[in-house]
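Please build the complete structure, drawing on both the sequences and the hints.
The listed protein sequences derive, respectively, from chains A and B.
Position 107, counted from 1, in the first sequence is what UniProt numbering calls 107; the numbers after and before it change by one each time, with no gaps.
Position 150, counted from 1, in the second sequence is what UniProt numbering calls 150; the numbers after and before it change by one each time, with no gaps.
You may find that some hints are simply not true.
The list treats identical chains as one, so a pair stands whether inside a single copy or across any two.
[What the hints assert, rightly or not] Cross-link-like lysine to any residue pairs, in silico, SDA-like; alpha carbons within 20 Å at most:
1) Lys50 x Gln27
2) Lys56 x Gln13
3) Lys50 x Cys17
4) Lys50 x Arg38
5) Lys56 x Arg72
6) Lys50 x Gly40
7) Lys135 x Asp185
8) Lys50 x Ser39
9) Lys56 x Cys73
10) Lys50 x Glu35
11) Lys135 x Ser76
12) Lys50 x Arg28
13) Lys50 x Thr3
14) Lys198 x Ala53
15) Lys24 x Glu35
16) Lys24 x Glu149
17) Lys135 x Ala194
18) Lys50 x His32
19) Lys50 x Pro6
20) Lys24 x Ser190
21) Lys56 x Asp37
22) Lys56 x Ala122
The set of hints was computed from the structure by calculation and includes no laboratory data.
Protein chains: 2
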Amino acid sequence: MATLGPSIDQLIQALRCLPGVGPKSAQRMTFHLLERDRSGGEHLAEMLSKALANVKHCQRCRILSEEDICSRCNDSSRREDQLCIVEMPSDVIAIEQATHYQGQYFVLTGHLSPLDGIGPEALGIPDLIARFDQKIVTEVILATNPTVEGQATAHYISEIARSRDIHVTRLAHGIPLGGELEYVDSGTLSHAFAGREKY
Amino acid sequence: MATLGPSIDQLIQALRCLPGVGPKSAQRMTFHLLERDRSGGEHLAEMLSKALANVKHCQRCRILSEEDICSRCNDSSRREDQLCIVEMPSDVIAIEQATHYQGQYFVLTGHLSPLDGIGPEALGIPDLIARFDQKIVTEVILATNPTVEGQATAHYISEIARSRDIHVTRLAHGIPLGGELEYVDSGTLSHAFAGREKY
Ligand SMILES: [Zn+2]
Ligand SMILES: [Zn+2]
Chain A
1 MATLGPSIDQ LIQALRCLPG VGPKSAQRMT FHLLERDRSG GEHLAEMLSK ALANVKHCQR
61 CRILSEEDIC SRCNDSSRRE DQLCIVEMPS DVIAIEQATH YQGQYFVLTG HLSPLDGIGP
121 EALGIPDLIA RFDQKIVTEV ILATNPTVEG QATAHYISEI ARSRDIHVTR LAHGIPLGGE
181 LEYVDSGTLS HAFAGREKY
Chain B
1 MATLGPSIDQ LIQALRCLPG VGPKSAQRMT FHLLERDRSG GEHLAEMLSK ALANVKHCQR
61 CRILSEEDIC SRCNDSSRRE DQLCIVEMPS DVIAIEQATH YQGQYFVLTG HLSPLDGIGP
121 EALGIPDLIA RFDQKIVTEV ILATNPTVEG QATAHYISEI ARSRDIHVTR LAHGIPLGGE
181 LEYVDSGTLS HAFAGREKY
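What follows is the structure, encoded as structure tokens:
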């Protein structure tokens with residue numbers, strides 16, 4: 001087995017924690033960094049450590065944030081009565097870029113997946129219930145992914161919201177089924193958001 | 001412009017130094033690391049810093065190595081009279097995995113590219129000439145990429161070697177033109193290596 005030494009092998013292996021990076025691309029990345037872009041590599045190591053140290057989750061909406069309460073949750077110009085529920089931080093970015101939504105968000109950081117041991121607790125549902133019970137939110141907008149798991153999660157949350165007399169909507173049809181929200185083009189996403197339906 | 005704060009934005013930006021990583025994949029990698037694999041991210045930052053600190057170039061063959069002289073150059077069981085010249089460290093790995101070659105290597109770390117200011121000095125040609133002048137090498141095997149630049153580089157080196165009465169061969173036809181050596185399947189590469197031709 002041809003090898004270039006432990007530090008190189010370990011870096012190739014470590015790069016494989018990145019999504020979409022197999023053995024061949026990890027090797028290519030390693031040679032690129034060591035052979036052609038050492039300053040880029042040093043900068044990457046530094047920014048990675050910095051982000052891991054500084055970035056936590058907003059205590060209110062659970063999005064990735066460097067502050068205890070994120071800038072959106074702290075923005076008093078945003079409506080308090082609308083709450084949009086998404087799976088991932090990237091979905092918030094996508095909706096903010098595509099729509100004029102000016103309400104609140106709640107980031108589940110995933111979807112219900114009993115086989116993987118991901119239940120309501122892991123998605124912050126108890127916090128969400130506490131939020132409903134403050135009786136400020138009057139509309140919940142379900143924007144989970146249009147996958148089987150995303151829809152099951154939306155259904156679960158809709159039952160809880162409806163039992164508290166909260167109006168529940170979901171994004172309008174138009175989003176391709178089986179896709180992931182962050183890959184939907186912004187025209188479609190904007191349209192689906194504006195035309196959201198009662199759930 | 002929707003953003004999640006400076007540390008996250010900087011990490012997304014820093015990841016783009018990796019080959020093949022555009023804005024969308026950099027964002028996806030960032031969210032994956034911060035949301036789902038922090039220990040993988042910490043390990044990556046550590047291995048990256050370690051490799052950048054420990055890995056230099058072999059003083060003899062210029063391959064990436066943690067030692068001043070790499071394990072292959074230090075291996076006294078390998079033939080001293082054959083010298084295989086490649087563009088990149090990954091080409092050495094590919095040849096070692098595909099063939100039974102037991103001679104020496106010299107890694108140019110690129111090819112002649114006058115427009116980018118990459119001349120003979122940057123490719124270590126003076127060291128290569130010094131090596132030729134030791135009169136130990138009797139066969140130079142040119143294994144640069146079958147691209148225009150790789151072939152021009154091979155031609156340049158062949159002239160130098162021939163003026164010193166060194167036998168010059170190149171890998172046999174069979175390697176697809178315009179491709180990169182490291183992506184050639186190992187059967188083709190092995191065949192081309194065994195059937196190398198006089199240059
Ligand atoms: Zn927040
Ligand atoms: Zn060496």
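Hints versus structure:
1. In this assembly of identical chains, the alpha carbons of Lys50 and Gln27 lie at most 20 Å apart only when taken from different copies (16 Å versus 25 Å within one copy).
2. Within a single copy, Lys56 and Gln13 get their C-alpha atoms only as close as 26 Å, which misses the 20 Å cut-off; across copies the closest is 19 Å, which meets it.
3. With identical chains, the CA atoms of Lys50 and Cys17 are at most 20 Å apart both within one copy (18 Å) and between copies (17 Å).
4. Taking the shortest alpha-carbon separations for Lys50 and Arg38, both the intra-copy value of 18 Å and the inter-copy value of 12 Å come in at or below 20 Å.
5. Taking identical chains as interchangeable, the C-alpha atoms of Lys56 and Arg72 lie at most 20 Å apart only when both belong to the same chain, with a minimum of 15 Å there against 46 Å between chains.
6. Taking CA atoms no more than 20 Å apart as the test, Lys50 paired with Gly40 passes in both settings, with 15 Å inside one copy and 14 Å between copies.
7. For the identical chains of this complex, Lys135 and Asp185 are neighbours neither inside a copy (34 Å) nor across copies (64 Å), given an alpha-carbon limit of 20 Å.
8. In the homo-oligomer, the alpha carbons of Lys50 and Ser39 lie at most 20 Å apart both inside one protomer (16 Å) and across protomers (14 Å), since each shortest distance falls under that limit.
9. Taking the closest pair of Cα atoms, Lys56 and Cys73 come within 20 Å of each other only inside a single copy of the chain (15 Å); across copies the shortest separation is 48 Å, beyond that limit.
10. With identical chains, the CA atoms of Lys50 and Glu35 are at most 20 Å apart between copies only, with a shortest distance of 15 Å across copies and 24 Å within one.
11. Taking identical chains as interchangeable, the C-alpha atoms of Lys135 and Ser76 lie at most 20 Å apart only when both belong to the same chain, with a minimum of 18 Å there against 79 Å between chains.
12. With identical chains, the CA atoms of Lys50 and Arg28 are at most 20 Å apart between copies only, with a shortest distance of 18 Å across copies and 25 Å within one.
13. Taking the closest pair of Cα atoms, Lys50 and Thr3 come within 20 Å of each other only across two copies (17 Å); inside a single copy the shortest separation is 31 Å, beyond that limit.
14. Proximity of Lys198 to Ala53 under the C-alpha cut-off of 20 Å is found in neither arrangement, the shortest distances being 41 Å within a copy and 58 Å between copies.
15. Taking CA atoms no more than 20 Å apart as the test, Lys24 paired with Glu35 passes inside one copy only; the shortest distance there is 16 Å, against 25 Å between copies.
16. For the identical chains of this complex, Lys24 and Glu149 are neighbours neither inside a copy (32 Å) nor across copies (24 Å), given an alpha-carbon limit of 20 Å.
17. Within a single copy, Lys135 and Ala194 get their C-alpha atoms no closer than 24 Å, and across copies no closer than 78 Å, so neither meets the 20 Å cut-off.
18. Taking the closest pair of Cα atoms, Lys50 and His32 come within 20 Å of each other only across two copies (16 Å); inside a single copy the shortest separation is 23 Å, beyond that limit.
19. In the homo-oligomer, the alpha carbons of Lys50 and Pro6 lie at most 20 Å apart only across protomers (10 Å), although the nearest pairing inside one protomer, at 25 Å, exceeds that limit.
20. For the homomeric pair Lys24 and Ser190, the shortest alpha-carbon distance between copies (19 Å) is at most 20 Å, but the shortest distance inside one copy (38 Å) is not.
21. Taking the shortest alpha-carbon separations for Lys56 and Asp37, only the inter-copy value of 13 Å comes in at or below 20 Å, while the best intra-copy value is 30 Å.
22. When the C-alpha separation of Lys56 and Ala122 is checked against a cutoff of 20 Å, the pair qualifies only within one copy, where the shortest distance is 16 Å, while the shortest distance between copies is 45 Å.
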